[in-house]
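Protein chains: 2
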Amino acid sequence: MKPLRLTALVVALLAGAAVQAPWAADAPKPSATAADSQTWRDVSPDNLVLIETKYGTVAVELAPDFAPGHVARMRKLLHAHFYDGLTFYRVIDGFVAQGGADQDTSATADAPVNPELLKAWPPLKAEFDAALPKSAVFTPLGNPDLVAPQVGYVNGFAVGRDPKDGRAWLIQCPGVFAFARDNADDTATTEFYIVIGEAPRRLDRNLTAFGRVLSGMEYLQKLNRGNPDVDSGVIPDAAKRDPILHMILASDLPEKDRPHYQVMRTDSAAFAALLASKRKPAPEFYHRPGGFPNLDICGVSAPVRQSGN
Amino acid sequence: MKPLRLTALVVALLAGAAVQAPWAADAPKPSATAADSQTWRDVSPDNLVLIETKYGTVAVELAPDFAPGHVARMRKLLHAHFYDGLTFYRVIDGFVAQGGADQDTSATADAPVNPELLKAWPPLKAEFDAALPKSAVFTPLGNPDLVAPQVGYVNGFAVGRDPKDGRAWLIQCPGVFAFARDNADDTATTEFYIVIGEAPRRLDRNLTAFGRVLSGMEYLQKLNRGNPDVDSGVIPDAAKRDPILHMILASDLPEKDRPHYQVMRTDSAAFAALLASKRKPAPEFYHRPGGFPNLDICGVSAPVRQSGN
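Protein sequence lines correspond, in order, to chains H and V. So in the working numbering, the last spot in the first sequence is 309, and the numbers never skip. So in the working numbering, the last spot in the second sequence is 1309, and the numbers never skip.
None of these hints come from the bench; they were simulated from the model. This structure is a prediction, so every number in the text was calculated from the model and none was measured. Fair warning: there could be bad hints in the mix.
What the hints assert, rightly or not - Below 25 Å or equal to it, Euclidean Cα-Cα: the simulated DSS-like pairs (lysine-lysine) are:
#	chain 1	residue 1	chain 2	residue 2
1	H	Lys54	V	Lys1280
2	V	Lys1134	H	Lys164
3	H	Lys54	H	Lys278
4	V	Lys1240	H	Lys222
5	V	Lys1054	H	Lys240
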């Protein structure tokens, strides 16, 4: 009763239809042709954050053009080994994995802010959106969005843009890397979160997003969860909070130990072809006429690959 | 350097902003008022599938109005204990967890279909969409969608509808429960998949969806993953495929052993209030004017609760 053969067939054919994971999926295999640098760019070690969990290492690329103050803070926190040994203490399935600090379970929302922390890491000015440098190339997705006036890609990041004020921001897609904050805008200090579920677009331009996961989402998905109905999803038993074993900036590692990532250029012909293929996927499998003119900006991510040292 | 107090504050306040997990989140606490049955409906044990994994049990509600043939097949498969001891053999992060059958890793797409399987479980006629019974209440989401002409909810399921032909279908949101198929439409037999990432809307009306996860998405997220670039995400090492320990229909259990689930009625005032709150979330936290008039149909799911035996 084990459908071995049929299964192989079904798998192979559904695979042709697969909307693959945005991280590491859909990427052509590494090659070293002359055209390579037109299609791929190297991720700078100054922008590459490595979060080591017991399930595996999560790689995040920082986006300084979108939030220079937050990126500078993150680099300083990493230089200081701030996160090492802290935990993912608030993890809500389908929403976010939030990490950084041990959580006093007896603390309540009206507890006073730790003055020692604020002395070392004072609240940051919010960077919900940015005026991008002229050199930044915005590649439109090519269809409307339900939330933002315009959506597209800049340097591999999914971006919203408002032509009225010229501002741009990272969209809160799965894998976005951002800082939590208090009710007031300018209150983020050290707490980060990563979106692990259907894009919570209400967070767009309401929190400062300044990076995205390049690989390792599957490790974040394994993190122990809190109960969203109890204490906002904070995991009450500290022993059940998965630790951040190490969280480091690649440029703080000896050069020989740094992993190397490349992201497909979103202003390349290869990426344009990828978008086109998502609009007209395998016709032998998809039988709805007309294809899919309107894509979800969070459904197509710039492919990522690791290159050798 | 541990921001205990600040963390508590940040957590509590970001919580006010939380787009909570669609399953089990946002649900008012159980109560037994007279109005209760206007707000909640019981899930029939004939529609409740329990998938036991080593991480926990996943509960799925079947939707016979949308695909009666597939629901009948699933009930027969469950009566026969078809899935017990098989595995989640193809799991792609951000896309689907596919399960049911051991996979011969040497099999290729052109391998012949197992004739024994087809004898017992012949291919099903596709049920990509349905003419719903007159009694089915469609509650519109209340804003446009990027893919479907109309979107809304029927009995707690996220639904697309085409006014031109009157057909309706379950949308491929995270948690949707569906059958895989071969290239031809009428080829599904036993293989199921559950969406575990950003809604792959290209699968809408292209595969037969006939249920949704009510609870336990976090257990599916822990499943071992395949590599989408290798053999379509099939996990090559059979020992690394997480087993389906048991997969049963609740009505096949003794009454005393059945879990009881309730789903918020999507034609209730409570659900209308939930949609309204998503459009105008906590103003003390969200500072973008105008709220969020356009919601993602996969971003708001009907709340679920478990009730006592």
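Checked hints:
Restraint check for Lys54(H) and Lys1280(V): not satisfied, since their Cα atoms lie roughly 39 Å apart, outside the 25 Å limit. Distance restraint check for Lys1134(V) and Lys164(H): the Cα-Cα separation of roughly 46 Å exceeds the 25 Å cut-off, and the hinted pair is therefore not satisfied. Simply put, Lys54(H) and Lys278(H) have alpha-carbon atoms about 34 Å apart, too far for the 25 Å limit, and the pair is violated. Our distance criterion of 25 Å between C-alpha atoms is met by Lys1240(V) and Lys222(H), whose separation comes to about 15 Å.
For the hint linking Lys1054(V) to Lys240(H), the alpha-carbon distance of about 17 Å falls within 25 Å, and the restraint holds.
The structure fails to meet hints 1, 2, 3 from the earlier list, while all remaining hints are met.
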